[in-house]
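Undergrad: Construct the entire structure; sequences and hints are all you get.
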Amino acid sequence: EVAEGMPWMGTFHSLSVKILRRHAELVGLKPNFTILDTDDQLRLLKQLVLAANIDEKRWPARMLASLIDGWKNRAWTPEKVPSSEASAYNNRGTELYAAYQDRLKTLNATDFGDLLLHCVTIFQTHPDVLQQYQRWFRYILVDEYQDTNVAQYLWLRLLAQAPSKSTAPAIVQQDGDEAPAQIPSLTVAAPKNICCVGDDDQSIYGWRGAEVDNILRFEHDFPGAKVVRLERNYRSTGHILAAASHLIAHNEGRLGKTLRTEDIDGEKVTVTGAWDSEEEARGIGEEIEQLQRAGEKLNEIAILVRASYQMREFEDRFVTLGLPYRVIGGPRFYE
Numbered sequence: 001e002v003a004e005g006m007p008w009m010g011t012f013h014s015l016s017v018k019i020l021r022r023h024a025e026l027v028g029l030k031p032n033f034t035i036l037d038t039d040d041q042l043r044l045l046k047q048l049v050l051a052a053n054i055d056e057k058r059w060p061a062r063m064l065a066s067l068i069d070g071w072k073n074r075a076w077t078p079e080k081v082p083s084s085e086a087s088a089y090n091n092r093g094t095e096l097y098a099a100y101q102d103r104l105k106t107l108n109a110t111d112f113g114d115l116l117l118h119c120v121t122i123f124q125t126h127p128d129v130l131q132q133y134q135r136w137f138r139y140i141l142v143d144e145y146q147d148t149n150v151a152q153y154l155w156l157r158l159l160a161q162a163p164s165k166s167t168a169p170a171i172v173q174q175d176g177d178e179a180p181a182q183i184p185s186l187t188v189a190a191p192k193n194i195c196c197v198g199d200d201d202q203s204i205y206g207w208r209g210a211e212v213d214n215i216l217r218f219e220h221d222f223p224g225a226k227v228v229r230l231e232r233n234y235r236s237t238g239h240i241l242a243a244a245s246h247l248i249a250h251n252e253g254r255l256g257k258t259l260r261t262e263d264i265d266g267e268k269v270t271v272t273g274a275w276d277s278e279e280e281a282r283g284i285g286e287e288i289e290q291l292q293r294a295g296e297k298l299n300e301i302a303i304l305v306r307a308s309y310q311m312r313e314f315e316d317r318f319v320t321l322g323l324p325y326r327v328i329g330g331p332r333f334y335e
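Sequential numbering of the sequence shown, starting at 1, is according to the numbering used here.
Hints were generated in silico from the structure; no laboratory data involved. Be aware that one or more of the hints could be misleading.
[Claimed, not checked] With a straight-line Cα cutoff of 25 Å, these simulated BS3-like cross-link-like pairs (lysine-lysine) come out:
hint: 1; residue 1: K268; residue 2: K257
hint: 2; residue 1: K105; residue 2: K46
hint: 3; residue 1: K268; residue 2: K297
hint: 4; residue 1: K80; residue 2: K46
hint: 5; residue 1: K46; residue 2: K57
hint: 6; residue 1: K30; residue 2: K18
hint: 7; residue 1: K226; residue 2: K297
hint: 8; residue 1: K105; residue 2: K18
hint: 9; residue 1: K226; residue 2: K257
hint: 10; residue 1: K80; residue 2: K105
TA: Written out as structure tokens, the structure is:
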């Protein structure tokens, strides 16, 4: 539910939809534009690929969709895609990107990536609109900042500048050929009240455009920012925390922190290797049988999985062994 008096609480995309519906005409849309889902987007791209006489089997539309999504995550409109990317999709990627954007405008539609891209475009080209939102958004709080991409970063930086009566904020785009996903540097007035919460060690969404550099360079982007490290861990025992900290310390490009816990050290962590998930299930099944023979209760043994599909091999093995089990947090695999 929307908190009372806080209508501007939401994701980057949900807030961008609100802004875009108010100023849709500035990017060639009507306020009642529709947002395409992945299937609709793919269907439209397939039509464009077919019209361009491209072999869809050799150059799947899904590949083009991924390319365009990556470009939008970097806040690249068709004319801003750097020359280093020009050979993408059999040298036709940027051409089809432009055709795709034109078709979306004709349909009065956007895709998910456009929501941020159009907002950034509006803020960059219409300083009066930007200044209006800068005055409204006097305090900004961002969670999971390590997962932001370049488009989200620009959206935030533009809004976080102090409003002024000058012309549009100066934006210096570095040469796209120098390095992929270069982040533009902005000429920024005194930063306002912005607080970003995140953990550089938990940045796992690079495959979908997240830039961990956004959090690493926060102090550079906002001079004078106060950094508060939350180093006390309430979740893990001492040995688990020590193992995790020692492993992540090998990462390059991190702010660094010393996690501590007031919990007990607990049992030491053991590391085992398995050829595949079936061998893993066999090994764990044997270990559970040994624990059971030693007098351990089955209801004091748990297996944590990251995704439900990983349960299949375990369930198959437990059925074979005749071990009773229950699944918490979802149905059994075969249900």
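Undergrad: Hint by hint, say whether it matches the structure.
TA: Hint-by-hint comparison with the structure:
1. K268 / K257: Satisfied, since the Cα-Cα distance of roughly 22 Å is no more than 25 Å.
2. K105 / K46: Holds: K105 and K46 sit about 17 Å apart, inside 25 Å.
3. K268 / K297: 21 Å, holds
4. K80 / K46: 23 Å, holds
5. K46 / K57: 11 Å, holds
6. K30 / K18: 13 Å, holds
7. K226 / K297: 50 Å, violated
8. K105 / K18: 18 Å, holds
9. K226 / K257: Roughly 15 Å separates the two Cα atoms, so the pair holds.
10. K80 / K105: With a Cα-Cα distance of about 18 Å, the restraint between K80 and K105 holds, given a limit of 25 Å.
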